[in-house]
Amino acid sequence: DQQVKQNSPSLSVQEGRISILNCDYTNSMFDYFLWYKKYPAEGPTFLISISSIKDKNEDGRFTVFLNKSAKHLSLHIVPSQPGDSAVYFCAASANWELTFGKGTLLTVNP
Amino acid sequence: KAGVTQTPRYLIKTRGQQVTLSCSPISGHRSVSWYQQTPGQGLQFLFEYFSETQRNKGNFPGRFSGRQFSNSRSEMNVSTLELGDSALYLCASSLEGQSSYNEQFFGPGTRLTVL
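Protein sequence lines, in the order shown, are assigned to chains U and G. Note that the working numbering has the first sequence beginning at 47, numbered continuously upward. Note that the working numbering has the second sequence beginning at 147, numbered continuously upward.
By construction, these hints were calculated from the structure, which means they are not laboratory data. Hints should not be assumed to be uniformly reliable.
Listed next, the in silico BS3-like pairs over lysine-lysine satisfying Cα-Cα at most 27 Å (straight line) [what the hints assert, rightly or not]: (1) U:51 x U:100; (2) G:203 x U:117; (3) U:100 x U:117; (4) U:102 x U:51; (5) U:51 x G:159; (6) G:203 x G:159.
Since we're looking at a predicted model, the values are computed, not measured.
This is chain G alone, in the form it adopts within the complex:
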């Protein structure tokens, strides 16, 4: 079974631009969660989508948004990029979501650099 895939793996943008990252979950998984990893803050939860609906959202500004398609693939968008948005963005999929008894499978991440 193929794992979680994320595209692109690396991305360089300049301040003020916008970016879209893509995540394809494991086949059959309906939940996709997005995380931001930075050296100073560790892993921080962005949002979770389940069956095309955003079910939960972390403490990030409205510049960060996402969506999920009917095939469970998910995209996240960051508008008006800031230098501080440089990070590794991780996507994780699971069968039912982040509830206690469901293991999440992470993708390799997209490394975003904002210049």
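If we strip away everything but chain U, and leave its shape as in the complex, we get:
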């Protein structure tokens, strides 16, 4: 049973617009959530994270929102740039283990 779900395998956005990537989870023990970005032939790189005691964390163009009651988090990228095109993984942490979603391929069109 998938504990972290990214239901959209892909997303296409126009340059300059907002990209919204979604992630749902089922395990209420998760207490920390992270987003990773992955380019082809490279390992994932850490993007932004949020603790379960917060509902929003912002870092430049990237904002992560957490809705604990809905067990839902989202990553907003504003404005989107062509260089943001990559696979984005949502991950959740509990008990020394990270659980990843399957990823969403974001394509930002010039």
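Dock chain G against the given chain U, drawing on the hints supplied.
Okay, now just chain G, sitting in the frame of chain U:
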């Protein structure tokens, strides 16, 4: 500071063979985690080693094993390879492990193809 390195980068094996992958963490990092990435399953956790001890293990068969040396370098071994083992194997290191407040640094991965 050098990043996480993984060797080899690419590997082709046939069914039934065994394979060993290597990971060198960032200097000073004591935790090494291994992940398998496949198109259908995304990133899946294999196991984590900390100070030469396996601290956590994902839901993979016993054919998948690993170890960590005193210098924190880690190896993972897959025996009796199956076609479904074809994947990108990623290693990640961190100072203390996968706890909430430690960032993991990933290596570039080893692309394993099983024919």
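These are the hints, each one checked on the structure:
| no. | hint | verdict |
| --- | --- | --- |
| 1 | U:51 x U:100 | 20 Å, holds |
| 2 | G:203 x U:117 | 25 Å, holds |
| 3 | U:100 x U:117 | 13 Å, holds |
| 4 | U:102 x U:51 | 20 Å, holds |
| 5 | U:51 x G:159 | 32 Å, violated |
| 6 | G:203 x G:159 | 25 Å, holds |
Of the numbered hints stated above, the single one contradicted by the structure is hint 5.
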